[in-house]
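Participant: Got chain A; can you put chain B on it based on the hints?
Number of protein chains: 2
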Amino acid sequence: MLTRSDVEAMRAAARDYLAMAGIVLTDEESMSIEVADFGLGEVRSTGLQLVTYVNTDRVCAKELVLLPGQTCPEHRHPPVGAEPGKEETFRCRWGTVFLYVEGDATADARCRPPSGREHSYTVWKEIRLQPGEQYTIAPDTLHWFQSGSLGAVVSEFSTRSRDELDVFTDPTIARGTRIVDDSA
Amino acid sequence: MLTRSDVEAMRAAARDYLAMAGIVLTDEESMSIEVADFGLGEVRSTGLQLVTYVNTDRVCAKELVLLPGQTCPEHRHPPVGAEPGKEETFRCRWGTVFLYVEGDATADARCRPPSGREHSYTVWKEIRLQPGEQYTIAPDTLHWFQSGSLGAVVSEFSTRSRDELDVFTDPTIARGTRIVDDSA
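As given, the protein sequences belong to chains A and B, one line each in that order. Numbered as in our numbering, the first sequence ends at 184 without a single skipped number. Numbered as in our numbering, the second sequence ends at 184 without a single skipped number.
Note that these hints are calculated values from the structure, not bench results. Please note: incorrect hints may appear among the correct ones.
[Said to hold, decoys possible] Quick list of the computed label-pair ranges, beta carbon to beta carbon:
1. B:ALA138 to A:ARG162: 45 to 53 Å
2. A:ASP16 to B:GLU118: 41 to 49 Å
3. A:GLU28 to B:THR26: 30 to 38 Å
4. A:ASP182 to B:THR26: 43 to 51 Å
Small disclaimer: the values here were computed from a predicted structure and weren't measured. We put the beta carbon where it would ideally sit given N, CA and C, even for glycine.
Chain A on its own, in the form it takes in the complex (with noise of 0.2 Å):
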């Protein structure tokens, strides 16, 4: 659970960081930035800042930001009918991210999962990715990923994206987010 205040303060971020990465939204986009907090209401360690530019049933394309140590915690896009899970490409813009996939466990993995929630973090195949680098997640994999100590802006890049489908490690994770209202 966020509070409209918690929710301005991280898109206020996520802009600032977009801005820096050189990325120009239209004022609807930059007023309606996503704030995920998957469900755990700490946003800060377990969290991610989206903007969709597009999402059709074959395509979808995105930014995502990531505050300094922030967390996209694990999870995979499973198979929808006959059609094969979401296929994502992820290019690192500004910053640097660490995505960990299914793989072989790199030894001295430069990232810990958010205090109390290790249990939930099985993959351990790391990627480093820095501006200009990017890397392609196979349909219905593990991953999650975790900004370096700057933050990071990342392109995302792919098949339809339906969030509501996404399977966590954690099973207390839900990817709605619910807001309320400490405005008045």
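Facilitator: Same frame as chain A, but now just chain B:
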């Protein structure tokens, strides 16, 4: 037909535009920017510079660079087997791009086709895109685009790209670019 020197000159210009747009490339991407002259050998009027980030069976993402007044000629993306044609979203990142699509012709359209090529430009509904603005083109729809007086950088988010299947209104156009060696 282009000479290697032509290609390198267009690549160098494209690098400058991408840098102005704040877009970071790897060294490999920077060295291999695609220069398309559509077989006409008039790349400064009919031409396009491209960086393809990803092009899988399902998703494609590119950056397009147009030098001032450069035109990508009219074409459409036809269906392939049971699959609808390529669906494209163009998002302007820097400069101004004028996009022309099927529909009611815009009175006083701001662009003119490249000189001598007017016969192969038939759609005149104008959409002006400035940084942060975008437009999605339905599959199998005729379209062409030209940059404004400063040039433009445009991100393209689409389904799989199969340039060799594009259908151009000008029958003399071929999507491949022939490059001749002038370095001897």
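Participant: Against this structure, judge whether each hint is valid.
Facilitator: Hints, verified against the model:
{"no.": "1", "hint": "B:ALA138 to A:ARG162: 45 to 53 Å", "result": "violated (21 Å)"}
{"no.": "2", "hint": "A:ASP16 to B:GLU118: 41 to 49 Å", "result": "holds (47 Å)"}
{"no.": "3", "hint": "A:GLU28 to B:THR26: 30 to 38 Å", "result": "holds (33 Å)"}
{"no.": "4", "hint": "A:ASP182 to B:THR26: 43 to 51 Å", "result": "holds (44 Å)"}
Hint compliance for this structure: hint 1 is the single one not met.
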